[in-house]
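Got chain A sorted already, so can you dock chain B onto it with the hints?
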Amino acid sequence: MIRALKSFGAFWYDFVIGDDSQVAALVVVALAVTALLTHAAGVNAWWLLPLAAFAALAWSLHRATSGKS
Amino acid sequence: MTALPLVLTVFVACAVEAIEALTIVLAAGLTRQWRSTFQGMAAALVVLAAVVGVLGPTITLLPLTALRLVVGALLAIFGLQWLRKAILRAAGYKALHDEASAYLREVAAAKAAPEVSKRGVSDWYAFTLSFKGVLLEGLEVVFIVITFGDSQRNLGAAVVGAAIAVSVVAVTGIMVRAPLAKVPENAMKFAVGIMLTSFGTFWGAEGAGVAWPGNDAALLVLVPVVALVSLGYAAGLRRAHRLSAAAPQPQTAWSETGGVTG
Chain A
3 MIRALKSFGA FWYDFVIGDD SQVAALVVVA LAVTALLTHA AGVNAWWLLP
53 LAAFAALAWS LHRATSGKS
Chain B
4 MTALPLVLTV FVACAVEAIE ALTIVLAAGL TRQWRSTFQG MAAALVVLAA
54 VVGVLGPTIT LLPLTALRLV VGALLAIFGL QWLRKAILRA AGYKALHDEA
104 SAYLREVAAA KAAPEVSKRG VSDWYAFTLS FKGVLLEGLE VVFIVITFGD
154 SQRNLGAAVV GAAIAVSVVA VTGIMVRAPL AKVPENAMKF AVGIMLTSFG
204 TFWGAEGAGV AWPGNDAALL VLVPVVALVS LGYAAGLRRA HRLSAAAPQP
254 QTAWSETGGV TG
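Here the protein sequences come in this chain order: A and B. Yeah, the first sequence ends on 71 if you go by this note's numbering, and it's all consecutive. Yeah, the second sequence ends on 265 if you go by this note's numbering, and it's all consecutive.
Bound-form chain A, shown alone (with noise of 0.2 Å):
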């Protein structure tokens, strides 16, 4: 029972990560800020989320790129 809930947990988790789980963590992050500075500071930021998409991805094709993930 433990082994499938593991294993359909690991499925999950590679279905929707994947192989750069730094990528997810920075999407989370960004939307965590972009939902304060909305929220408690009134600035409408629209532009931090597409801007934390492209820094993540750089960010994970240069690791992928030079051999660290």
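Be aware that one or more of the hints could be misleading.
[As the list claims (entries may be wrong)] Here are some of the chain B residues that sit facing chain A, going by a computed Cβ distance under 8 Å:
id: 1; residue: Trp37
id: 2; residue: Leu77
id: 3; residue: Ala79
id: 4; residue: Ile80
id: 5; residue: Gln84
id: 6; residue: Leu86
id: 7; residue: Leu91
id: 8; residue: Ala98
id: 9; residue: Ala211
Because the hints were derived from the structure by calculation, they are not lab data. For glycine and all other residues, C-beta sits at the position ideal for the given N, C-alpha and C.
Below, chain B without anything else, positioned relative to chain A:
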């Protein structure tokens, strides 16, 4: 937003997954036995239909803002993963996905496996190969259908896009009876990565509370910008890859003495 971009995006994404499932089904059916292959395919389709039937309407019950935040985050992460692979393939750092060689690998494995009858299925290997292939590729289809359909509050249009994609691929596969190796699958995956990342970013930011300039029309700018940046990354990496391949290798004492010259 009209239903057309939703249907088209889901169509292309699901077509890519359906082509991969078709390769596995053909390998099982042509090499082993069609009856068990169809049984495996049917069992997987029943599971997938149950997942859509349960999850689709349930997720719709969530408030739209929370739904878009979660779905946006998932789609952006999922889309960036696709884009990363597509860019690495386009730049030459990763082998291009090739349905013909994937098919040959599956055929070789299918030929080597013994024929075992189990639980009313005459060829258990063909059944499980087909079941797993259709279920795993189908889960990606379900993920895309539910996330896109629910976020647009138009699950029906997303289901239509997926159904057309699966039908077109299935009918073509039946007619050709070979893996669809000539379909520009790598370019399609690149396009799907761009769409998933764009929609994920759009919905995620909206769920976090931002108001996009121009509302839904912002997608008309966001999609080309994501495409341009991704193509730029691919071009830059391709150039770097070519330069590093052309650069002279450092000479070792072995090569300086001529290596193995016979």
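Okay, the hints, checked on the actual structure:
Because the beta carbon of Trp37 (chain B) sits about 28 Å from the nearest beta carbon in chain A, more than 8 Å, this interface hint is broken. A hinted interface residue such as Leu77 (chain B) counts as satisfied when its beta carbon comes closer than 8 Å to some beta carbon of chain A; here the least separation is about 6 Å, so the hint holds. The beta carbon of Ala79 (chain B) is positioned within 8 Å of a beta carbon in chain A (closest approach about 5 Å), and the interface hint is therefore held. Checking Ile80 (chain B) against chain A: minimum C-beta separation of about 5 Å stays under 8 Å; hint holds.
For Gln84 (chain B), the interface hint holds, the least distance from its beta-carbon to any beta-carbon of chain A being 4 Å, beneath 8 Å. Taking 8 Å as the C-beta contact cut-off toward chain A, the hint placing Leu86 (chain B) at the interface holds, the least distance being around 6 Å. The interface hint given for Leu91 (chain B) is met, as the beta carbon of that residue sits about 6 Å from the closest beta carbon of chain A, less than 8 Å. Interface hint at Ala98 (chain B): violated, since its Cβ lies 14 Å from the closest Cβ of chain A, which is beyond the 8 Å cut-off.
The restraint placing Ala211 (chain B) at the interface with chain A holds, with a minimum CB-CB distance near 4 Å, inside the 8 Å limit.
Checked against the numbered hints above, the structure breaks hints 1 and 8 and satisfies the rest.
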